[in-house]
Amino acid sequence: MFYNRTQEIERLTRALARERKQFIVLYGRRRCGKSTLLRKFLGAKDVYYLASQSEQTLQLAAFRQLLAERIPAFAHANFTDWNALLHFLNSQVTERFTLVIDEFPYLVRAAPDLPSIIQRLVDDRAKLKFDIILCGSSQQMMQGLVLSGTAPLYGRADEVLKIDPLAAGWLLDHLPGQTADQLITEFSTWGGVPRYWELRSDYPDYDSAVAELVLSPDGVLRNEPARLLLDDLRDPTGALSLLYLIANGVHRPSELGARLNKPATDLSRPLKKLIDLGYVERESPFKAKSKHRKGNLYKVKDSFIRFYFQYVQPNLSNLQVDNSARLWQQLKVNLPLFVSHEFERMARVAVTQGELGKDFFFTQRWWGKGKNGKPMEIDLVGESLDKTKLLVGECKWSTVKAPDTLNADLLSKATQLPFYHGQELIPVLIAKNFAHPPKCFHLGAEEVLTLLRK
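Under my numbering, think of the first position of the sequence shown as 1, with each following residue one higher.
I should point out that these hints are in silico values taken from the structure, not numbers from a laboratory. Be aware that a few hints might be false.
The calculated DSSO-like cross-link candidates involving lysine-lysine, where the alpha carbons are at most 30 Å apart (straight line), are [to be verified]:
#: 1; residue 1: LYS162; residue 2: LYS299
#: 2; residue 1: LYS21; residue 2: LYS162
#: 3; residue 1: LYS299; residue 2: LYS272
#: 4; residue 1: LYS332; residue 2: LYS358
#: 5; residue 1: LYS299; residue 2: LYS262
Could you put together the complete structure from these sequences and hints?
Here it is, written out as structure tokens:
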């Protein structure tokens, strides 16, 4: 099962076509398809080595055995360190090939000097006879090994590719037969992680997949958040607690601190770590002057993790004794509300990908007090580059029966924005569907997905 990744394959192809031997780094969270991408991309003469969590002696032996299948000189050779093995490999190469070391951090834990050994190889490109691709799922460690200014490999990589979850639009091509409404509901649960979709494809419908994969005590994804965090954190307990609270409506540092009985200042570092890993995002109102202002909210960015902590974690005791499929029928009553938050996030991106994207490159939610002193919120707001236009949008995960009335209310509300000073207002309505076409710019669910193709 292989989806998309056209841009990544093109980038790798261009890099390895260069005359100079290449050093490439590829990283990202687990289950996003890094290994699958590399195996699909590599040719018959290339070497792919998947590291394991074992001692250096065992790793060297396994690597030597793999190379012996391609290079006879390795059949009877023995190595006590990586420096000897890699230099011997370079001396035996007769034809350029690509060496991929997957889960590179596993090797570094057993051999901390390995980055320096690779650095010396890469620094002497004139003598290097093969290309090197390092890949890993420990985002923190990969960044520390390559992107940190004090790391031996800092500044050496010809390409650094971060493999993120896929955008929602690819679902239209690869899951035929489902409506846009169904696809957005599914995406709200599984997100853009290819492995989750691969597992989902083994089940006849959404409900049975959720019950068996996520809710069942034996489900493959039952303990997924903890497994993901263990790639980057020695003890994920604190991070799991933060994710649970944020997913269930506790969005301000002061509130999080109160619930955890900790000073809010103690949460700055763990929250930043979760942001860096891509699991949490910090949201501020449109036009907020500083990212550090008190109005900032923290939201769970990862769709599956948000689903897990809303539906699984609060119900662990019941799930141990009750039938998961039967319990899911009770739990999913509020699923439309859950999906609406994901749809709103998707809509903010989609409106900038179509016709409106010519003037508006970025949209953001706004909340606060209007000019009349009353609290208000607008789902998406954007400003044109010349600052003469304001894009304002309303997002509904439902059938809008009176879109023109909704449009009029939106425009009225927009005039109360503190930064509205007579700019041209461009309204946009985004909904699951409309009873009849609005007179303003609008997007339905299928149009949103279409605009999110990458």
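Please list, smallest to largest, the hint numbers that this structure does not respect. Per hint list: single violation, 4.
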